[in-house]
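Novice: As given, the protein sequences belong to chains A and B, one line each in that order. Numbers 1 to 506, taken from my numbering, label the letters of the first sequence in order. Numbers 1 to 506, taken from my numbering, label the letters of the second sequence in order.
By construction, these hints were calculated from the structure, which means they are not laboratory data. Please note that a few of the clues may not be correct.
For each label pair, taking beta carbons as the anchor points, the in silico distance ranges come out as [what the hints assert, rightly or not]:
| id | chain 1 | residue 1 | chain 2 | residue 2 | range |
| --- | --- | --- | --- | --- | --- |
| 1 | B | D136 | A | G134 | 52 to 62 Å |
| 2 | B | D258 | A | E433 | 41 to 51 Å |
| 3 | B | N391 | A | K211 | 51 to 61 Å |
| 4 | A | K492 | B | F363 | 39 to 49 Å |
| 5 | B | F261 | A | G489 | 34 to 44 Å |
| 6 | B | D120 | A | P450 | 47 to 57 Å |
| 7 | B | A396 | A | Q139 | 52 to 62 Å |
| 8 | B | D82 | A | P93 | 23 to 33 Å |
| 9 | B | K87 | A | E376 | 14 to 24 Å |
| 10 | B | F363 | A | D83 | 35 to 45 Å |
| 11 | A | Q139 | B | F363 | 53 to 63 Å |
| 12 | A | D429 | B | K211 | 29 to 39 Å |
| 13 | B | K211 | A | D120 | 42 to 52 Å |
Distance condition first, Cα-Cα at most 20 Å in a straight line; then the derived SDA-like pairs of lysine to any residue [to be verified]:
| id | chain 1 | residue 1 | chain 2 | residue 2 |
| --- | --- | --- | --- | --- |
| 14 | A | K498 | B | F210 |
| 15 | A | K419 | A | E433 |
| 16 | B | K97 | B | K419 |
| 17 | A | K506 | B | K379 |
| 18 | A | K211 | B | Q139 |
| 19 | A | K129 | A | F405 |
| 20 | B | K500 | A | T400 |
| 21 | A | K207 | A | Q314 |
| 22 | B | K498 | A | L424 |
| 23 | A | K264 | A | N137 |
| 24 | A | K211 | B | K368 |
| 25 | B | K264 | B | Y366 |
| 26 | B | K207 | A | D138 |
| 27 | B | K506 | A | D367 |
| 28 | A | K213 | B | K97 |
| 29 | B | K368 | B | D136 |
| 30 | A | K419 | A | K213 |
| 31 | A | K501 | B | T84 |
| 32 | A | K419 | A | I131 |
| 33 | A | K501 | B | K501 |
| 34 | A | K498 | B | F417 |
| 35 | B | K87 | A | K264 |
| 36 | B | K368 | B | K207 |
| 37 | B | K213 | A | V140 |
| 38 | A | K418 | A | F430 |
| 39 | A | K506 | B | K213 |
| 40 | A | K211 | B | G489 |
Computed from a prediction, not measured in an experiment: that's the story for all the values here. Glycine is no exception: its CB is placed at the ideal position from the N, C-alpha and C atoms.
2 protein chains.
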Amino acid sequence: MALNLTGKKIPKLHLRFDQMIELTSLDVNKMKSPTKTIHKKAGKLGRRDFFKLGALGAALGVTGASQVAGNAASKALDKATDDTVFKSPGHDPFELKPGYPYRRFDEINTFQSTGPMRRDAKVIPKMVKFIWPGFDNDQVGYRQVDWALSKAGQSLKFKMKTLEGKWDQERFDFTMLDLKPTDMEDDGKKKPDILKILEGNYVYPEKAPFKTKQEATDAIKRAARLYGADLVGITPRDERFDYQAFFDPKNGRRNWKDVPFEPKSVIVMAFEMDYEAMTAAPTHVADGATGDGYSQMHKTSYQMAVFMKCLGYQAIPSNNDVGLSIPYAVKAGLGEVGRHGLLITYKYGPRIRLAKIYTDFDFVEYDKPIEFGVQEFCKRCMRCADVCPSNAITKAINPTYEPEFQDESNWFVNPGFKKYYNNLKKCFDFWVENGNGCSSCISVCPYNKPDFWHHRLVDKISAMLPGPVHSFMREMDKIFGYGNTYDEGAVKRFWSSKNKKYLGYK
Amino acid sequence: MALNLTGKKIPKLHLRFDQMIELTSLDVNKMKSPTKTIHKKAGKLGRRDFFKLGALGAALGVTGASQVAGNAASKALDKATDDTVFKSPGHDPFELKPGYPYRRFDEINTFQSTGPMRRDAKVIPKMVKFIWPGFDNDQVGYRQVDWALSKAGQSLKFKMKTLEGKWDQERFDFTMLDLKPTDMEDDGKKKPDILKILEGNYVYPEKAPFKTKQEATDAIKRAARLYGADLVGITPRDERFDYQAFFDPKNGRRNWKDVPFEPKSVIVMAFEMDYEAMTAAPTHVADGATGDGYSQMHKTSYQMAVFMKCLGYQAIPSNNDVGLSIPYAVKAGLGEVGRHGLLITYKYGPRIRLAKIYTDFDFVEYDKPIEFGVQEFCKRCMRCADVCPSNAITKAINPTYEPEFQDESNWFVNPGFKKYYNNLKKCFDFWVENGNGCSSCISVCPYNKPDFWHHRLVDKISAMLPGPVHSFMREMDKIFGYGNTYDEGAVKRFWSSKNKKYLGYK
């Protein structure tokens, strides 16, 4: 469960909505480098002046009172603004520029498939150092306890021996055992059958009847939420996003011929990661949230695959394997892709992990892609690019069709899509140096906020007034101390028991 | 994540606190059968009169506004009443009456260990029917979709092959692999070692330094919450609660000699179960919440065992195995035992599941048992005993030292403790008839409430005024439709997408 603790106390100010709009109309469109210039502006204005700007300042006051007002306020605002904010892109978000050949992704290009290790000896020591960084008990955020949090967080993923993260033949167990009910009219001697039933690893021979597609859709989404998903969307299978080949350390490459059915739909789920832990990026504490996110992904995607099988349909639980989660999430209406290349959801921003289920069930209401202002926002914000420890994130103002850097190696780039091209090799090199994942780009993203009403309010203003307000928001964020990295205080706040009430009453 | 939806709209009334106290002073102490008599009173007074009683009625108004007021109100009340409400029992909650021999629990007596199946042939067909009930698509709550929710919910438990629920030799894998860091300075050829590290199934050879016991305690509890525990307490190991023998289908009995270390502490965790699903007891939908609760238990207890091992300490993840969770939870300050024999926590009532970790780490601040009025409350309420479909729950007003029923079999009863003795055989027989678990006693328990301020307010009044108010609360609960069983509406509300916003914005 994510905690919404910022540990900040902000003086409350009050200003009329119209005054706020007026005060946020800085014109940055002509600036060559919005980032730098706004930094200067921020410098000139100074903290006091930003407070004068009022409503947004007040909005960020994290107190019982403001939240109380906010709960009501946001409800009203929701009704008033939803139609303005949420738009359909009206085109395929993954249009390929004519003349570019599209190459489906090959799993051997993911470093966690161990493909790069096997094909480039130089990667091996990096990988080992990444997996075994050791720790420094004098460095807050990198002590044994911080490291333990991160290791244990992801441990379930490996315990489960799913397609992802299992490095032997079980990795390719696509088996969909069929059992007839009669097999189970049992004198007690068929324990293995009973165990199979308990394990749910079979496709029930009858298909569950649903009166309408909506009824089926509601059932799938409610089950996913019961099992721990925070967001759920459903989209038709899109082969462009499916790996063209799977990496099998034992048997070499495998492909879709090895999959015993043809998927028709993909259920995409997002899992919120702990806000408080994420504020400690890029330390091991932030990686604890990432690690538990992986374990949660694997738990819920497995349960959902069993759920679909019990309904009589084939299903494969998929995490960072089988296909690309982010484009599927975009198609399923979960959010937009940001400058950092991560999915930005409306409710949690990029502070989520994704998992999915491939199934041959298609009697559902499919979700549609959505836009709520992220593209415009990312042009001006660049917080992620500024803090990225390895400068892996581009500072190009607009998305491009090609990366600025050379992809001279086995690390995969697929040009021809209009997007921000980031350098995965640089990113991974910092992981090695850091001895863990990083997540700085998640932590500093202004969309990464607890679900406090004032942040959602800011999102809505942002979507209604693209442009000026974005630069303003970016600066407010920094002023109020959101999205610091290497923040010892964040690590200490995470571990502190203050306000946590672990017994429910104290 | 648990949803707090009652789907009820209640007219709001306002009354001063003192008026409310006055109006709740019905004297039921002399009544022979409080339950029946209060039923009559309730009948005479009628719903309208109960509304007149005012504040508690108002308190149950589930609306934004009342919640808003409540957030503030409850904060104030917390400060004012905590000391009055929470008391230490001041004695061992598990005192054995002199003259009674205490028998430590033998795992072979748990039906899920398959012990009874193996030792009593009559249990086998019951067990099979329980595991494979089939379903009826014309019976809401017992359709294929409801059944799928329940099966898939618990599926992770079996996938993980933990001590509980795995019916072969792996069941007794207590292995605590030791790896030295040097083993991991790896040329890439030692993949199995790397995998072991990734799996976290080893005890790190150095012990993490903690300056104070409080620092260590905070670290353990925060990690548990990050991994999904809602409540966490720590208590010294108490051998009375540990199974005297373990059931091993392959090798027969096993005991603590097979455990490679001596546990000193037990970390006890509670996991909230979905409120909305639980209102659908005893259908498969409620069992979906139970099932996911089991999967969550297994996920987090495994992660916590890995966490302790990474800190350099031995640890065994324990769910419904190794030892008895409820007494350990009481000792760890998580709550009190109710009439139904379940743990009642302050924040979630009995709507939780328990898991624990045995470890040899003992540099911690141990928690202490707590009382907040449950014992007095259960004497008068009896809601669980009234609705229990198999009359397995005693209606004795006071706890006793012996069961009223004969325990003529291999089903375990341990007399000599002052408690409510319930008939597990009758309970299980209904599970078979129901084709699943039941949870009616959880669903109807007045302590089973979403964490709305007014329910916590009621708890506090109850703890301050034991007696009269309890009977009143019990009736209010029924009048406002809490704790119905076999409620088709509850099943439909669960599956409905109304107010669920699966995409975060709609």
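Novice: Each hint should be assessed against the structure and marked as holding or not.
Specialist: Hint check:
In this structure the hint that B/D136 and A/G134 lie 52 to 62 Å apart at CB holds, the actual value being about 59 Å. Between B/D258 and A/E433 the Cβ separation comes to about 44 Å, which falls inside the hinted range of 41 to 51 Å. Between B/N391 and A/K211 the Cβ separation comes to about 37 Å, which falls outside the hinted range of 51 to 61 Å. Range check, A/K492 to B/F363: about 20 Å between beta-carbon atoms, so the 39 to 49 Å window is missed.
At roughly 37 Å, the beta carbons of B/F261 and A/G489 sit within the given window of 34 to 44 Å. Taking 47 to 57 Å as the suggested C-beta distance range, the pair B/D120 and A/P450 conforms, at roughly 53 Å. In this structure the hint that B/A396 and A/Q139 lie 52 to 62 Å apart at CB holds, the actual value being about 60 Å. Between B/D82 and A/P93 the C-beta distance comes to about 52 Å, which lies outside the given range of 23 to 33 Å.
For the hinted restraint 14 to 24 Å between B/K87 and A/E376, the CB-CB distance of approximately 58 Å leaves it violated. Remark: the range hint 35 to 45 Å for B/F363 to A/D83 is contradicted by a beta-carbon distance near 58 Å. For the pair A/Q139 and B/F363, the beta carbons lie near 22 Å from each other, so the given range of 53 to 63 Å is not met. For A/D429 paired with B/K211, a C-beta distance near 35 Å keeps the hint of 29 to 39 Å intact.
Taken as a hint, the range 42 to 52 Å holds for the pair B/K211 and A/D120, whose Cβ atoms sit roughly 44 Å apart. Restraint check for A/K498 and B/F210: the C-alpha separation of about 18 Å stays at or below 20 Å, so the hint holds. Proposed proximity of A/K419 and A/E433 is contradicted: the alpha carbons are some 27 Å apart, above 20 Å. For the hint pairing B/K97 with B/K419, the CA-to-CA distance comes to about 11 Å; that is within 20 Å, so the pair holds.
Distance restraint check for A/K506 and B/K379: the Cα-Cα separation of roughly 26 Å exceeds the 20 Å cut-off, and the hinted pair is therefore not satisfied. Taking the CA atoms of A/K211 and B/Q139, the gap is about 15 Å. The hint holds against a cut of 20 Å. At roughly 26 Å between alpha-carbon atoms, A/K129 and A/F405 are farther apart than 20 Å, so this suggested pair is violated. A C-alpha spacing of about 37 Å is found between B/K500 and A/T400, which places the hinted pair above 20 Å, so the restraint is violated.
For the given pair, A/K207 sits about 11 Å from A/Q314 by alpha-carbon distance, which is consistent with the 20 Å threshold. The hinted pair formed by B/K498 and A/L424 fails the criterion: a straight-line CA distance of about 41 Å is larger than 20 Å. Proximity of A/K264 to A/N137 is assessed by CA-CA distance (about 50 Å); at most 20 Å being required, the pair is judged violated. Between A/K211 and B/K368 the alpha-carbon distance is near 53 Å, which puts this suggested pair outside the 20 Å criterion.
The hinted pair formed by B/K264 and B/Y366 meets the criterion: a straight-line CA distance of about 11 Å does not exceed 20 Å. Between B/K207 and A/D138 the alpha-carbon distance is near 15 Å, which keeps this suggested pair within the 20 Å criterion. Between B/K506 and A/D367 the alpha-carbon distance is near 11 Å, which keeps this suggested pair within the 20 Å criterion. Distance restraint check for A/K213 and B/K97: the Cα-Cα separation of roughly 61 Å exceeds the 20 Å cut-off, and the hinted pair is therefore not satisfied.
As the CA atoms of B/K368 and B/D136 are separated by approximately 47 Å, the hinted pair breaks the 20 Å bound. At most 20 Å may separate the alpha-carbon atoms for a hinted pair to count; A/K419 and A/K213 exceed this at roughly 34 Å. With a CA separation close to 18 Å, the supplied pair A/K501 and B/T84 stays within the 20 Å bound. The hinted pair formed by A/K419 and A/I131 fails the criterion: a straight-line CA distance of about 31 Å is larger than 20 Å.
A hinted pair counts as satisfied when its Cα atoms are at most 20 Å apart, and A/K501 with B/K501 does not qualify at roughly 29 Å. The hinted pair formed by A/K498 and B/F417 fails the criterion: a straight-line CA distance of about 37 Å is larger than 20 Å. Restraint check for B/K87 and A/K264: the C-alpha separation of about 58 Å exceeds 20 Å, so the hint is violated. For a cut-off of 20 Å, the pair hint linking B/K368 to B/K207 is broken: about 26 Å separates their Cα positions.
Between B/K213 and A/V140 the alpha-carbon distance is near 18 Å, which keeps this suggested pair within the 20 Å criterion. The suggested pairing of A/K418 with A/F430 is violated, with an alpha-carbon distance near 26 Å, which exceeds 20 Å. Distance hint between A/K506 and B/K213 is fulfilled; the C-alpha atoms sit about 17 Å from each other, no more than 20 Å. A threshold of 20 Å between alpha carbons decides the hint, and for A/K211 with B/G489 the separation of about 18 Å falls inside it, so the pair holds.
Hints 3, 4, 8, 9, 10, 11, 15, 17, 19, 20, 22, 23, 24, 28, 29, 30, 32, 33, 34, 35, 36, 38, counting from the list given before, are not met by this structure.
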